[in-house]
Amino acid sequence: MAQNQIKEHWREQQIFLTRIVICSVVVAILTAVVLTRLSILQLVKADYYAAQSQGNRIRVQPLPPNRGLIYDRNGKILAENIPSYQLELTPEQVPDLDDTLARLATEHLLDAETPALAAEQIRSKRRFDSIPVLQRMTDDEVARFAVMRPFFPGVEIRARLTRRYPYGTFGSHALGYVGGISAADLKAVDPAAYAGSTHIGKASIERSYEPELHGIVGHQNVQVNVHGRMMQVLDSELSTPGKDLFLSIDIDAQIVAETALEGKRGAVVAIDPASGEILVFASVPGFDPNRFITGLSNKEYQELQNDPDQPLFNRALQGKYPPGSTIKPIVALAGLEKNVISPTDRRYCRGFYTLPGQSHRYRDWKKEGHGSINMHDAISQSCDTYFYDLASKIGIDALSETLKSFGLGIETGVDIRPESPGLVPSRDWKRKAFSSRANQVWFPGETVITGIGQGYLLVTPLQLASAAATIASRGIRYKPSLVHGVRDPATGITELRNPEQLAPVVASSDDNWNSIIDGMRGVISDPRGTARALNVNAPYPMAGKSGTAQVFTVAQNAKYNEAEISERMRDHALFIAFAPLDKPGIAVAVLVENGKSGSGVAGPIARKVIDAYLGSAPQQ
Amino acid sequence: MIAGNRNKASSRYGPVTRLLYKVHLDAPLLAGICAVLTLSLMVLYSASGSDIDTVYRQCARIGVAMLVLAFTAQLNISWIRRAAPWIYSIGIITLALVDIAGEVGGGAQRWLDIGVRFQPSEIMKLAVPAMLAWVLHDRPLPTSAGINALLLAMILVPVAMIAIQPDLGTAIMITLTGLIVIFLAGIDLRYVLSAIPLSMGAAFVLWQFYMLPYQKQRVMTLLDPETDPLGSGYHIIQSKIAIGSGGLFGKGLLNGSQGKLEFLPEQTTDFIFAVIGEELGFIGVTALIIIYLLIVARGFFIAVAAQDTFSRLLAGSISLTFFFYVFVNTAMVTGLLPVVGVPLPLVSAGGTSMVTLSAGFGILMSIHTHRKLLPR
Numbered sequence: 001m002a003q004n005q006i007k008e009h010w011r012e013q014q015i016f017l018t019r020i021v022i023c024s025v026v027v028a029i030l031t032a033v034v035l036t037r038l039s040i041l042q043l044v045k046a047d048y049y050a051a052q053s054q055g056n057r058i059r060v061q062p063l064p065p066n067r068g069l070i071y072d073r074n075g076k077i078l079a080e081n082i083p084s085y086q087l088e089l090t091p092e093q094v095p096d097l098d099d100t101l102a103r104l105a106t107e108h109l110l111d112a113e114t115p116a117l118a119a120e121q122i123r124s125k126r127r128f129d130s131i132p133v134l135q136r137m138t139d140d141e142v143a144r145f146a147v148m149r150p151f152f153p154g155v156e157i158r159a160r161l162t163r164r165y166p167y168g169t170f171g172s173h174a175l176g177y178v179g180g181i182s183a184a185d186l187k188a189v190d191p192a193a194y195a196g197s198t199h200i201g202k203a204s205i206e207r208s209y210e211p212e213l214h215g216i217v218g219h220q221n222v223q224v225n226v227h228g229r230m231m232q233v234l235d236s237e238l239s240t241p242g243k244d245l246f247l248s249i250d251i252d253a254q255i256v257a258e259t260a261l262e263g264k265r266g267a268v269v270a271i272d273p274a275s276g277e278i279l280v281f282a283s284v285p286g287f288d289p290n291r292f293i294t295g296l297s298n299k300e301y302q303e304l305q306n307d308p309d310q311p312l313f314n315r316a317l318q319g320k321y322p323p324g325s326t327i328k329p330i331v332a333l334a335g336l337e338k339n340v341i342s343p344t345d346r347r348y349c350r351g352f353y354t355l356p357g358q359s360h361r362y363r364d365w366k367k368e369g370h371g372s373i374n375m376h377d378a379i380s381q382s383c384d385t386y387f388y389d390l391a392s393k394i395g396i397d398a399l400s401e402t403l404k405s406f407g408l409g410i411e412t413g414v415d416i417r418p419e420s421p422g423l424v425p426s427r428d429w430k431r432k433a434f435s436s437r438a439n440q441v442w443f444p445g446e447t448v449i450t451g452i453g454q455g456y457l458l459v460t461p462l463q464l465a466s467a468a469a470t471i472a473s474r475g476i477r478y479k480p481s482l483v484h485g486v487r488d489p490a491t492g493i494t495e496l497r498n499p500e501q502l503a504p505v506v507a508s509s510d511d512n513w514n515s516i517i518d519g520m521r522g523v524i525s526d527p528r529g530t531a532r533a534l535n536v537n538a539p540y541p542m543a544g545k546s547g548t549a550q551v552f553t554v555a556q557n558a559k560y561n562e563a564e565i566s567e568r569m570r571d572h573a574l575f576i577a578f579a580p581l582d583k584p585g586i587a588v589a590v591l592v593e594n595g596k597s598g599s600g601v602a603g604p605i606a607r608k609v610i611d612a613y614l615g616s617a618p619q620q
Numbered sequence: 001m002i003a004g005n006r007n008k009a010s011s012r013y014g015p016v017t018r019l020l021y022k023v024h025l026d027a028p029l030l031a032g033i034c035a036v037l038t039l040s041l042m043v044l045y046s047a048s049g050s051d052i053d054t055v056y057r058q059c060a061r062i063g064v065a066m067l068v069l070a071f072t073a074q075l076n077i078s079w080i081r082r083a084a085p086w087i088y089s090i091g092i093i094t095l096a097l098v099d100i101a102g103e104v105g106g107g108a109q110r111w112l113d114i115g116v117r118f119q120p121s122e123i124m125k126l127a128v129p130a131m132l133a134w135v136l137h138d139r140p141l142p143t144s145a146g147i148n149a150l151l152l153a154m155i156l157v158p159v160a161m162i163a164i165q166p167d168l169g170t171a172i173m174i175t176l177t178g179l180i181v182i183f184l185a186g187i188d189l190r191y192v193l194s195a196i197p198l199s200m201g202a203a204f205v206l207w208q209f210y211m212l213p214y215q216k217q218r219v220m221t222l223l224d225p226e227t228d229p230l231g232s233g234y235h236i237i238q239s240k241i242a243i244g245s246g247g248l249f250g251k252g253l254l255n256g257s258q259g260k261l262e263f264l265p266e267q268t269t270d271f272i273f274a275v276i277g278e279e280l281g282f283i284g285v286t287a288l289i290i291i292y293l294l295i296v297a298r299g300f301f302i303a304v305a306a307q308d309t310f311s312r313l314l315a316g317s318i319s320l321t322f323f324f325y326v327f328v329n330t331a332m333v334t335g336l337l338p339v340v341g342v343p344l345p346l347v348s349a350g351g352t353s354m355v356t357l358s359a360g361f362g363i364l365m366s367i368h369t370h371r372k373l374l375p376r
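Top to bottom, those sequences are chains G and D. Here the first sequence is numbered in the numbering used here, starting from 1 and rising by one per residue. Here the second sequence is numbered in the numbering used here, starting from 1 and rising by one per residue.
Don't read these hints as lab results, they were simulated from the structure. Among the hints, a few may not be true.
Unchecked claim - For the chain D half of the interface with chain G, some residues (derived, Cβ under 8 Å), not all of them: (1) G186; (2) G277; (3) A331.
Said to hold, decoys possible - Here are a few chain D residues that sit away from chain G, every Cβ distance over 12 Å (derived from the structure): (4) L20; (5) T54; (6) Y56; (7) A101; (8) L152; (9) K240; (10) V333.
Beta carbons: idealized from backbone N, C-alpha and C, even for Gly.
I would like the entire structure built from these sequences, with the hints used as guidance.
Listed below in structure tokens is the structure:
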């Protein structure tokens with residue numbers, strides 16, 4: 001051993017030195033490789049990787065705008081935004097969506113009825129958007145989730161503004177409601193504008209004024225970590241809040257109207273004749289719009305849909321009803337304008353009317369007849385026979401022309417949709433509407449019953465109110481509108497909407513207006529007026545006209561027996577009115593489905609609404 | 001002659017160097033180590049998201065490591081040489097225990113719990129080269145083929161035991177350490193050249209019959225990380241983004257977004273080099289690599305200056321292995337090599353590898369300071 005060492009010592013050292021040199025060369029080469037790699041990454045491609053790094057950490061987040069508020073004409077708030085907690089889920093951050101939803105459901109922290117429904121809804125949204133799964137959390141729910149939060153990655157509690165309708169059911173058919181944005185809703189709007197928004201207007205004002213109320217979405221660039229959690233806001237472009245709306249509705253009068261209709265089905269529309277502004281827009285039964293914000297369960301929605309009273313049906317806007325005797329003043333005006341009658345001409349009423357050469361009896365509501373009667377009394381006592389005769393003298397063409405000039409049979413153009421046009425029949429219409437040749441012929445008898453607002457004639461309560469306002473303003477017509485001011489919250493400037501005038505009803509003489517308004521005044525003030533009861537303690541002079549429209553035709557010679565026909569087959573009760581007589585501030589149309597008596601049921605409601613409005617509104 | 005140089009050198013250096021030499025510490029090596037450690041603490045503070053506790057914990061580990069270094073440096077190298085076969089044997093036994101425990105416990109098993117948890121594979125990082133150097137110490141060099149076969153077996157037995165844990169990274173690094181010893185001992189270069197096709201064949205066999213799916217995945221990902229950007233390729237892509245976005249000067253300490261926002265995986269351990277690249281830029285990483293090279297160069301110097309075969313081989317092996325750790329980690333983080341889980345020496349957070357490295361440096365210092373110097 002010692003021998004070897006002595007022999008090999010110098011040579012071994014030389015070999016070792018050589019090997020260390022070789023190692024040093026290897027070290028140099030490998031170092032060069034790494035440094036080359038680093039210089040490519042950090043010097044040559046530095047810009048590329050810098051951009052990558054930016055993209056990695058910067059994420060654009062939408063800032064949903066605050067929805068515009070809605071006020072009534074006196075500044076009372078009808079729709080506001082209140083802060084509330086909601087549970088939101090960001091799909092791309094959730095490892096297993098179905099499992100997460102199932103666990104949320106077992107904790108009762110899910111709005112949707114089943115996890116499957118929620119999953120379906122969530123999958124229709126964008127993966128990086130935050131989607132509410134439980135809205136308006138109670139304190140208890142917030143506390144319970146806070147404890148479980150580590151087990152629900154991608155699910156967070158967020159404070160958001162949610163819509164609230166402080167008056168609940170009152171005004172629901174005027175305001176409409178907001179609900180979760182559906183896939184169908186997104187097709188109708190620019191999805192980018194709704195990034196971050198969770199709700200959209202679904203009906204009436206909330207829907208028709210969606211562009212104004214929604215506002216403009218903002219964006220912020222946020223720095224996020226690998227989990228997508230926001231670390232800091234880098235810069236932002238703030239959202240522009242939606243515009244506030246001032247409705248022409250007087251919520252107090254609205255409440256009076258809806259309370260008066262409580263337990264009934266019907267509608268009340270009141271219009272300011274001097275501007276077309278809608279003061280009351282009631283359709284009863286209504287619904288609580290607050291319920292739609294959190295989303296109705298399928299069962300709740302079915303219940304609403306299948307309710308025989310149809311609470312979701314906007315009777316004022318879409319309900320089509322025979323106007324009955326309420327159109328008699330218009331028929332009278334048509335007669336005066338066509339010179340087929342004068343106010344002093346008298347007709348003899350013996351309780352029924354027959355067309356020349358026919359035996360069919362068109363019965364008057366008063367079996368024994370009104371006797372000899374002039375226009376004033378025919379209106380105030382609502383003599384049917386007088387108007388059967390007058391209508392057949394005017395003829396259907398001229399009559400439908402006059403009815404249309406009052407806006408019946410066509411959409412009023414009110415600022416909410418969808419509106420029913422109603423129906424004013426004419427020869428032309430009948431030719432187009434019926435396919436069988438026998439049915440296309442206009443029969444003289446059809447003209448007769450059109451004279452008392454029966455037959456094919458159908459109007460909406462809104463049209464009827466507009467027509468009443470037209471009478472009140474002696475032919476000047478305005479397009480009815482619910483919104484009379486739009487305020488930009490950014491500038492605070494309120495833009496008032498000017499009343500939009502429509503083609504007026506032109507009478508050849510103002511006396512003709514006097515004649516029919518006089519008759520309508522008689523309805524209330526005459527001792528034999530059909531609605532004389534409304535005159536008791538009236539602080540202002542008012543004019544009106546009752547109407548009782550048949551839903552169901554009584555056979556000839558048969559007796560109308562209330563008890564025998566079901567409640568749904570009873571006559572509709574209608575009433576139109578306006579006041580004060582000299583300078584009308586309000587015109588009203590009231591409809592009570594199956595209310596039996598226009599003067600007895602609908603009339604008092606009209607009086608209450610007028611009292612409420614004129615009593616509260618400052619007299620100009 | 002050597003002694004004369006030494007005396008001249010001693011007088012040329014300052015009092016601190018001479019004092020350190022007296023307590024068996026090598027000033028240049030210590031300076032390099034301290035430079036890297038200082039940088040590592042700064043970067044660790046940033047990479048951990050300004051978490052001072054992480055830094056304190058690392059300081060504690062460094063303290064322990066420095067004690068190990070100082071202690072090892074006191075041991076006379078001849079004692080270490082005599083202890084080598086014993087340490088190697090203990091290493092083999094404990095590895096066997098870990099493998100058996102792993103068989104029982106199921107899953108990856110690297111730890112042995114004996115009061116303190118320790119990894120026998122870490123011992124092997126030093127025991128294998130020491131054992132080989134012990135075998136070669138009193139034999140004529142270059143070695144015969146028979147001895148080389150014996151040495152290869154001494155490498156492969158512990159490596160196989162580590163590989164089945166499975167810990168591919170450590171197994172490869174220990175193999176490399178052993179091969180370096182054989183190379184430094186003067187094996188015929190024809191063997192080395194013929195080993196290249198041989199190792200390719202071995203790699204094929206490894207791939208086909210041995211490697212687990214996740215290990216194959218790592219290699220595949222290396223070849224084309226973009227194919228699986230959110231899966232296995234994620235680490236490499238994010239690490240490249242971090243380094244590349246650092247540019248020439250870097251984003252500055254504490255300003256890196258990749259690491260801070262947790263896009264980087266393991267940013268305080270295996271991928272800490274990417275944080276340095278992002279925050280200190282090309283200049284920073286080049287400076288770090290230069291310090292590493294200085295440490296390696298000092299190691300080579302100590303090896304060349306060593307007085308016996310055992311010291312020479314062990315010092316050379318420790319120094320070159322240290323360099324390979326640096327190379328494998330930086331190459332891995334920059335996407336040149338597969339992600340094999342090799343920490344960046346002295347910088348990555350974590351105690352075990354730091355202690356092993358310190359023991360290695362302690363041995364280097366011991367070799368250098370226990371030379372028998374002839375009196376003037």
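Against the structure, the hints come out as follows:
1. With 8 Å as the threshold, the beta carbon of D/G186 comes within range of chain G, its nearest partner Cβ sitting at about 4 Å, so the hint holds.
2. At about 7 Å, the closest approach between the beta carbon of D/G277 and any beta carbon in chain G falls short of 8 Å, and the interface hint on this residue holds.
3. Look at D/A331: its Cβ gets to within about 6 Å of chain G, closer than 8 Å, so that hint holds up.
4. Listed as a non-interface residue, D/L20 keeps its Cβ farther than 12 Å from every Cβ of chain G; the least gap is roughly 25 Å.
5. For D/T54, the non-interface assignment is confirmed: its Cβ lies about 17 Å from the closest Cβ of chain G, beyond the 12 Å cut-off.
6. Listed as a non-interface residue, D/Y56 keeps its Cβ farther than 12 Å from every Cβ of chain G; the least gap is roughly 24 Å.
7. Distance to chain G confirms D/A101 as a non-interface residue, since its nearest Cβ pair spans about 33 Å, more than 12 Å.
8. The claim that D/L152 is not at the interface with chain G holds, since no C-beta of that chain comes within 12 Å of its own (minimum 18 Å).
9. Residue placement check: D/K240 does not keep its beta carbon more than 12 Å from all beta carbons of chain G (closest about 6 Å).
10. Separation of D/V333 from chain G is inadequate, the least Cβ-Cβ distance of about 10 Å not exceeding the 12 Å criterion.
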